[in-house]
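In our numbering, the protein residues as written are 300 to 805.
Hints may contain errors.
In silico DSSO-like cross-links for lysine-lysine, where the CA-CA straight-line distance does not exceed 27 Å [said to hold, decoys possible]: (1) LYS739 to LYS647; (2) LYS480 to LYS389; (3) LYS650 to LYS741; (4) LYS668 to LYS739.
Read the hints as simulated data drawn from the structure, not as lab findings.
Just so we're clear, the structure is a prediction, and the values are computed from it rather than from any experiment.
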Amino acid sequence: MESAEQTTQTQQDSQRLRTARIQKLTDLVDKGINPYPYKFVRTAVAQELQDKYAELESGIETEDTYSVAGRIMAIRNSGMFMDLMDTTGKIQIFCHKEFIGEEPFKTLKLVDVGDIIGITGTIRRTPRGELSLKATSYQILSKSLLPLPEKFHGLTDVETRYRQRYVDLIVNSDTRDTLRKRSLIIQEIRTFLMERGYLEVETPMLQTLAGGAAARPFETHHNALDIPMFMRIAPELHLKRLMVGGLNDKVFELNRNFRNEGIDTRHNPEFTMLELYEAYSDYNDMMDLIENMIARVCNNVLGSTKVNFQGTELDFTPPWERMTMLGAVKKYTGIDFAEHLDEVDAAKKAKEIGVETEQGDNWGKVIDKVFEEKVEPHLIQPVHIIDYPRDISPLAKAHRDNPRLTERFESRVNGWEISNAFSELTDPIDQRGRFEGQAKAKADGDEEAHPIDEDYITALEYGLAPCGGLGVGIDRLVMLLTDSPTIRDVIAFPTMKPKGHKADKE
RNA sequence: GCGCUUGUAGCUCAGCUGGUAGAGCACUCCCCUUUUAAGGGAUAGGUCGCGCGUUCGAAUCGCGCCAAGCGUACCA
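With the sequences and hints as input, model every part of the structure.
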């Protein structure tokens, strides 16, 4: 009943084309053919045949019989030639009535571009050099009711590509390549960590307190408990609870975070993050780890640690350059903020070079703003920016040589933050002080200041071993490694605003 | 959030300064049949994102709304 309405809706969109295919569907059923059968036994895939018969000469026929299946992407000469695409590649189907018989040949008229079919036949290479399967029989495996985008120009409309990713995937090999690479990259990361004794864990995505980062969370409500709940903005505090418990000396979680913020070419409301923690390590070890991890991913997925991104070669070969944050700022602005320790003084220096700060900004925040505006754009090649101000690093351990700083680094590539790591703050007294500082900032209007998590402090009071921690933005990493200019290209189903309805405001 | 740009046939696009739409491919039918964006012929297909306004007349001009892209803001 509901589906009948939907059908009517769809028919309005592409009425004629769909109606024609519905007619064919009916004709098939009349012939006793099920257009949606249950199973087809394949004996080969396209690329396998292309490789195996790469040396077969033009015009040569073999007796070798195979069954393949896939989607018809093109039909030529009224069905005599069809391009069959499966997930591995393409192979041409040669369909001649002499070899498949009168009746099946007639039925071929009911087959369209877009249909999924199974073919059995023998391998030959046509005189024109195209490897083909000479069909002796075929079976419709799924009748397609909607037309595919035009074969030559394909589908370029970005909105349709994101909203109807299934069509994009059928038609655009780039999209398939990128999303397959994404999967391989993640798989390599897992393997790398497993080999080093890491334990993969899962922590709550639905939380009563959204901590571990500074960001606006998505809010929801648990009906049975009648309490507000939040989608996590980071798994950090739960992972460190597991470290306190000694579940394993090395743990990681590779999964989704949610932040209720703007959407642009580098931000999607839900995004994938790797976070890992290693006991008895510090941030120096984390720098080595991420360099080795990414180098391995590059080598195993792309075959090189030198990667082209939008015309620039990025060299991920370890070791990466390391610069202190204050040193980087001094290098690109000439200002040494170690000599301007007062926030008012620091803000004055920032203003001299055109960086606007706000009234309540502390020393660290001022430096951070200067860094973002004046330094970040220069950081194209992989680099670790180390020793962030304490004011802006509430979860990082104070620097062993300078109490105003922390042992924290961010890895930057192409100007983007791709990782954030610390020698984790393990001192519960210090941690409470940091949280209280954040609470004050929140009271002063900083919506993204970190909330106080009492239970987390309790956990720290039981004792957390010295510990290095690392977070890696997987989507951005995948962008860099797949030459994708926007995050939406590396996420199969990026967040889109629904079409056609005005926002129903209650 | 703000600014700029875009939205026309299933797809890719044209339609200049207002005269109520056009191409290629796809679809349907016919011819041809070892093709590679096959070829030849014929037909059909459109609430021009949505709404309001200006006008004798709006795809075209104005305003509002919806969606998208880019930039900007936000995002330690």
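Here is what the structure says about each hint:
The suggested pairing of LYS739 with LYS647 holds, with an alpha-carbon distance near 23 Å, which does not exceed 27 Å. A distance of roughly 19 Å separates the Cα atoms of LYS480 and LYS389; the hinted pair therefore holds under the 27 Å criterion. Taken as a hint, the LYS650 and LYS741 pair is honoured in the structure, with Cα atoms around 25 Å apart against an allowance of 27 Å. Pair hint LYS668 plus LYS739 holds up; C-alpha atoms about 20 Å apart against a cutoff of 27 Å.
Violated hints for the displayed structure: none, as all numbered hints are satisfied.
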